[in-house]
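Asks: Sequence:
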Amino acid sequence: MTTKKINRRSFLKSSSMIGMGAAIGLSGLPYSMQSQTRRSAILGGKRSFNGTWHGWPVVGTPEEEELLKVLRSGKWCRLGSPTAPRFEDEYRKMTGSGHALATSSGTTALTTMLGALDIGPGDEVILPPYTFIATYNVIVQNFALPIFVDTDIESFQIDASKIESAITSQTRALMPVHIGGSPFDVDAVMKVASKYNLPVIEDACQAHFAEWKGKKVGNFGLGGAFSFQASKNLNSGEGGAVITNDEDFYNKCYSFHHQGQSADAASLEPGTGTRGSNLRMTEFQAAILLAQMTRISEQIKQRSENAAYLSELLSEIPGIKPAKLYEGTTRSAFHLYMFRYNKKAFAGMDRSTFVRALNAEGIPCSTGYTSMTKEPYVHNLSKNKHYLKIYGERRMKQWLEQIACPVNDKLCEEEALWFTQTMLLGDRKNMDMIADAIRKISREAKAISKL
5 MTTKKINRRS FLKSSSMIGM GAAIGLSGLP YSMQSQTRRS AILGGKRSFN
55 GTWHGWPVVG TPEEEELLKV LRSGKWCRLG SPTAPRFEDE YRKMTGSGHA
105 LATSSGTTAL TTMLGALDIG PGDEVILPPY TFIATYNVIV QNFALPIFVD
155 TDIESFQIDA SKIESAITSQ TRALMPVHIG GSPFDVDAVM KVASKYNLPV
205 IEDACQAHFA EWKGKKVGNF GLGGAFSFQA SKNLNSGEGG AVITNDEDFY
255 NKCYSFHHQG QSADAASLEP GTGTRGSNLR MTEFQAAILL AQMTRISEQI
305 KQRSENAAYL SELLSEIPGI KPAKLYEGTT RSAFHLYMFR YNKKAFAGMD
355 RSTFVRALNA EGIPCSTGYT SMTKEPYVHN LSKNKHYLKI YGERRMKQWL
405 EQIACPVNDK LCEEEALWFT QTMLLGDRKN MDMIADAIRK ISREAKAISK
455 L
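Under this note's numbering, the residues of the sequence shown are numbered 5 to 455, in order.
Calculated from the structure, these hints are not laboratory results.
For lysine-lysine, the following DSS-like pairs were computed, each having C-alpha atoms within a straight-line distance of at most 27 angstroms:
| id | residue 1 | residue 2 |
| --- | --- | --- |
| 1 | K305 | K97 |
| 2 | K199 | K166 |
| 3 | K433 | K328 |
| 4 | K50 | K454 |
| 5 | K219 | K97 |
| 6 | K50 | K347 |
| 7 | K219 | K195 |
Bear in mind the structure is a predicted one, so any value in this text is a computation, not a measurement.
Based on the sequences and whatever the hints tell you, model everything.
Replies: Take a look at the structure:
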């Protein structure tokens, strides 16, 4: 361990500042200096943050007006109604895409795209293990085989360098995820997809208006899926959207989400022969989204500025490492502020104790996803009667042996930590308080680790 030498000048400077703190009171010092004189809350000291974090969702007159307009119109279904199409047009423009299709959820946006590709039994779809369960579920619902590619621990994203070795003659699509709202390595993923002529379905459910080299995510593959679930940066309680620049694919998606019917089909006409379901968005959801979109630009700016400042602060604390953003990232949505924890820098304090100490400071923090490839619901797929009929016992046993993702296990079980997007909607002082709390915990790590 290196010891930092303190020269006379730095000693006098720090001594004078401590003296000044005594004279003017600790509240007059910067947060970084206050933390050197106060105990951690979990050890009986005062909390770093005693206020209230930014509420969610943000609701006001625009939401009331749009909802009342739909309510009074009596047109609550999107068929023959104006609100969902108006939202689709606005969302298309904001994402810079050729087409946008509103769906009932982010999950059904993914379902719609896999349905449009006619993914089914015998097919394989590549996905990351560090993701929400929906990414896995939409593959399994089609009785296709989910093929996991391990995580890049620095970025929390799919490790693009490992995708090629997972491709087989049965691979039908790649479904990488812009996890936490940050772009995966788009150039690397698209290079592999192009080499093998495979469609890319971007799971951008957490990544509203994130950008890669100035272009909105969801525009790089065949299509992109977005979620408007209650926690998302753009929120209507439930809801989703597909964006694409391929007109034929858009028409197939529309048909699939509308019982196999085309956009101009009469309501009682039979479908066009494709599979389909009712995955449509309601007019009420679209109304809320139109109102929410009036605030999104300012919220994006605020999250980006606070995340950049917080990363500067946290990068100076040993054992704390903000998630890497790839070089091509020109904007992260920061649906999650993700960072890694190294217990060696905190006197061996386990991650759960660190989270408990941070929560005691008034700072909400989560360990995030569990390791998906270790979950019983994934392992049980190898015994599923339908999968055994389709793939056979030998193939399912082989699949189970191949799904291990050791890097992702380490991230999920030891290192990953999250702050939510709402925490980034506060002011800069809130970011100082987060860093202040972690510094206090770091300083008293030995004592806290014994709790």
